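Make a model of the complete structure from these sequences and hints.
In the order they appear, the protein sequences are chains A and B.
Per our numbering, residue 53 is the first one in the first sequence, and the count goes up by one each step.
Per our numbering, residue 3 is the first one in the second sequence, and the count goes up by one each step.
Hints may be right or wrong, so weigh each one.
Said to hold, decoys possible - Lysine to any residue pairs mimicking SDA-like chemistry, simulated, CA-CA at most 25 Å apart:
1) Lys-97(B) with Asp-253(A)
2) Lys-12(B) with Asn-256(A)
3) Lys-239(A) with Lys-95(B)
4) Lys-273(A) with Ser-62(B)
5) Lys-95(B) with Asp-97(A)
6) Lys-91(B) with Leu-249(A)
7) Lys-33(B) with Phe-263(A)
8) Lys-152(B) with Asp-303(B)
9) Lys-236(B) with Asp-307(B)
10) Lys-93(B) with Tyr-245(A)
11) Lys-255(A) with Pro-60(B)
12) Lys-91(B) with Glu-99(A)
13) Lys-239(A) with Gly-94(B)
14) Lys-95(B) with Glu-244(A)
15) Lys-328(A) with Tyr-433(A)
16) Lys-246(A) with Asp-99(B)
17) Lys-93(B) with Tyr-104(A)
18) Lys-246(A) with Gly-94(B)
19) Lys-173(B) with Ser-109(A)
20) Lys-239(A) with Lys-93(B)
21) Lys-95(B) with Glu-99(A)
22) Lys-255(A) with Tyr-61(B)
23) Lys-93(B) with Gly-243(A)
24) Lys-261(B) with Leu-230(B)
25) Lys-97(B) with Asn-256(A)
26) Lys-12(B) with Trp-254(A)
27) Lys-69(A) with Lys-93(B)
As the list claims (entries may be wrong) - Away from chain B, derived, C-beta distances all over 12 Å, residues of chain A:
28) Lys-336
29) Ala-378
30) His-396
If you are wondering where the hints come from, they were derived from the structure by calculation, not from laboratory data.
Quick caveat: nothing in here was measured; it's all calculated off a predicted structure.
Virtual Cβ for every residue (Gly too), placed ideally from N, Cα, C.
Okay, here's what each chain looks like letter by letter:
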Amino acid sequence: MKRIAANGDQAVALSWKQINPDVCASYPITPQTIIVEAFSDYVADGEVDTEYVCSESEHSSMSICIGAAAAGARSVTATASAGLAFMWEMLYIAASMRLPIVMTVANRALSGPINIHCDHSDAMGSRDSGWVQIFAENVQEAYDNSLMSFRIAEHPDVHLPVMNCLDGFIVTHAIESFTPVEDDQVKKFVGEYKPLLPLLDWKNPHSYGPFDMPDYYYEHKYQQAMAMNNVIPVFKEVAAEFEKLTGRKYDLIEKYMVDDAEYVAVAMGSTAGTLKAVVDDLRKEGHKVGCIKVRLFRPFPYQEIAKALEGKKAVAVMDRVISFGAVGPLFSDVRSAEFDNRIHPRTVNYVYGLGGRDVGVEDLKVVFREMEAGTAKNINYLGVKQ
Amino acid sequence: MISIKEMTAKPVRLTEGHRLCAGCSEPVVAKQVLLATDKPVVVSNATGCFEVSTSGYPYSSWNVPWIHSAFENTAATISGVESAYRVLKRKGKIKDDMRFVCFAGDGATYDIGFQALSGAIERGHQFLFVCMNNEAYMNTGIQRSGATEKGASTTTCPSGTCIPGKREFPKDITKIVAAHELPYAAQASPHNWKDLIEKAAKGFEAGGPAFLNVISPCPRGWRYDSALTIDMSKLAVETCLWPLYEYDNGKWRITAESKRIAEGKAEKRPIMDWLKSQGRFKHLMDPKHSALVEEIQANVDRKWDELIRLSKH
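If you want it as structure tokens, here you go:
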């Protein structure tokens with residue numbers, strides 16, 4: 053298919069149109085709204101035959117997806133920020149019922165103060181809910197991840213919900229050119245949904261969400277944990293198939309000029325793109341720098357990260373969120389991954405870009421400069437006005 | 003209307019062996035509701051006594067597809083199930099004509115579940131929502147809800163030396179639901195199985211959202227002998243505290259015993275008969291609370307008269 057121009061939200065909506073899911077639950081919240089608006093156009097024009105449910109809240113959107121997925125329907129929704137926080141209770145339930153719901157999250161800061169712009173507080177708040185979390189750098193990835201999400205979620209070894217994250221405004225609203233997959237190829241790649249134990253199979257009645265006492269709850273959580281472990285090989289398998297189809301190669305992490313680098317920055321989402329430009333600039337000046345983009349955040353690719361950072365002089369981990377009274381969530385995972393290796397580079401944390409604070413090339417050069425000079429503290433607040 | 007003998011031959015959808023209290027009205031209500039349709043049915047259950055007592059893993063009392071996801075969202079959950087049904091039927095993947103029902107307590111209907119209920123009704127999903135109204139949060143140990151009667155003593159609105167139990171009248175959720183102008187809403191009581199099943203059957207076949215509010219006596223929370231549950235539900239109707247009526251496509255109709263009372267063919271019993279039958283109102287027997295008893299009676303009378311007026315239009 054030829055390249056087209058669209059913003060990240062429109063690209064995600066296009067992927068949904070090509071997939072034609074059975075049920076879409078919708079509630080508007082900035083910066084996600086364009087997705088459900090664009091998809092409602094497809095519904096209104098009969099381009100999909102999805103049952104499109106305008107719910108009265110995000111909590112109900114996720115509840116609708118749970119009911120629909122349990123009934124045997126391929127189910128999607130999208131949200132951001134407070135909407136994701138409002139779903140928090142239901143995220144755990146969707147995951148514990150092993151329902152392969154796919155949800156796009158347009159990452160946005162949490163209140164208060166209220167702020168509609170990008171950071172990762174919302175996704176990090178749902179970090180431990182049992183959802184697979186994939187982060188996109190740009191419009192192309194937001195689209196590609198959306199297609200792959202369904203395959204990962206519905207894989208028999210996984211059967212877990214997947215969160216497809218893209219940076220609010222930076223990716224959701226910025227128009228970029230990207231290459232979609234042909235409609236028939238999408239249909240073939242994603243395939244027809246074959247539900248497991250659907251409620252609508254009334255001749256073989258199943259119970260979803262029974263009461264669990266201490267004698268079984270732990271075992272059910274263990275099974276969820278094991279299913280999460282299965283995501284890594286499934287992700288690689290699906291990505292390999294996707295590469296064959298499109299030529300676009302994706303892995304759990306993306307390494308950029310890392311192999312011979314002495315100083316490495318690690319980030320997720322759109323900032324990884326800016327970091328690559330910074331690395332290019334600094335390399336021209338002779339600095340041995342590189343960067344790593346974490347695409348799959350849950351389950352966390354501990355081994356891949358540890359291997360990639362082995363023997364580096366210093367590592368800066370970029371968190372677009374504050375974990376009050378602790379280190380950043382990405383930092384704690386990266387540092388934990390490194391610990392199992394004998395050689396621990398000095399690893400520092402940068403909190404940055406909260407509430408949509410712009411983070412440009414010059415801002416990120418500071419990170420490498422401070423790493424090289426050894427002046428970075430354990431936790432640094434990049435560009436905060438004192 | 004089929005006979006009770008014919009009904010006993012129908013398949014059992016909620017089996018014995020559940021862990022509800024002796025004398026609990028909830029399984030009686032659920033069984034009556036589930037007898038009201040022969041079509042395949044999917045049940046969505048709100049968190050509460052009924053859910054925890056019928057589904058303790060690895061056992062289940064349910065012979066029909068059943069889902070419980072949370073406390074406040076049973077109507078949203080069934081919205082999803084019913085949406086899946088609609089689309090899969092349209093795509094030819096489902097052939098059967100199916101029905102959808104929610105069971106929720108009064109907390110999950112009047113309070114925390116109200117938004118999801120209102121949203122699901124507004125969207126017009128075809129489902130029957132059954133509120134098993136025992137007038138408090140009984141699963142967590144008898145705490146006040148928006149359905150608790152004025153003057154009742156619960157563990158969060160206890161009768162003390164200064165405050166005689168709950169200070170507010172319950173909200174009239176059946177009328178609030180009817181204000182959504184849905185196809186069908188009704189109040190029923192398990193003592194009159196015929197009236198209840200007829201209403202549930204109308205609800206199942208309403209072609210859109212339907213609501214059934216059922217008085218569901220709780221021996222633990224109301225403090226009465228567990229053998230008297232059905233008598234208690236009957237008394238609620240005889241005092242007109244719990245009138246039996248329906249809102250059927252815009253028409254209000256008083257039914258069964260309530261109809262006989264409205265027509266002067268049966269006695270309207272004083273509210274004192276209701277209050278003295280239960281330990282939760284015991285403190286109201288003290289003459290110092292006679293004004294409060296009169297207030298409760300006046301409220302019953304006012305609501306009853308209003309219902310008679312509505313039913314005449």
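### Query
Is the Cα-Cα distance between Lys-273(A) and Ser-62(B) 25 Å or less?
holds (20 Å)
### Query
Given the proposed pairing of Lys-236(B) with Asp-307(B), does the C-alpha separation stay at or below 25 Å?
holds (20 Å)
### Lys-239(A) paired with Lys-95(B) [C-alpha distance capped at 25 Å]
holds (18 Å)
### Query
Is the straight-line distance between the alpha-carbon of Lys-12(B) and that of Asn-256(A) 25 Å or less?
holds (18 Å)
### Task
Quickly compare the C-alpha distance for Lys-239(A) and Lys-93(B) to 25 Å and report which way the hint goes.
holds (16 Å)
### Message
Check the hint pairing Lys-95(B) with Glu-99(A) against an upper bound of 25 Å on the C-alpha distance.
### Response
holds (19 Å)
### Message
Confirm or reject: Ala-378(A) is not an interface residue toward chain B, with every Cβ-Cβ distance exceeding 12 Å.
### Response
holds (29 Å)
### Query
Taking only the CA atoms, is the gap from Lys-95(B) to Glu-244(A) under or equal to 25 Å?
Since the Cα atoms of Lys-95(B) and Glu-244(A) sit roughly 12 Å apart, the hinted pair holds (cutoff 25 Å).
### Task
Compare the distance between the alpha carbons of Lys-12(B) and Trp-254(A) with 25 Å, and conclude whether the hinted pair is satisfied.
Answer holds: Lys-12(B) to Trp-254(A) is near 16 Å, not above 25 Å.
#### Entry: Given pair status - Tyr-104(A), Lys-93(B), alpha carbons within 25 Å
Holds: Lys-93(B) and Tyr-104(A) sit about 14 Å apart, inside 25 Å.
### Message
Please verify whether Lys-91(B) and Glu-99(A) have alpha carbons no more than 25 Å apart.
### Response
holds (18 Å)
### Message
Check the hint pairing Lys-255(A) with Pro-60(B) against an upper bound of 25 Å on the C-alpha distance.
### Response
The hint holds at about 20 Å.
Figure legend: structure checked against the earlier numbered hints; every hint is met.
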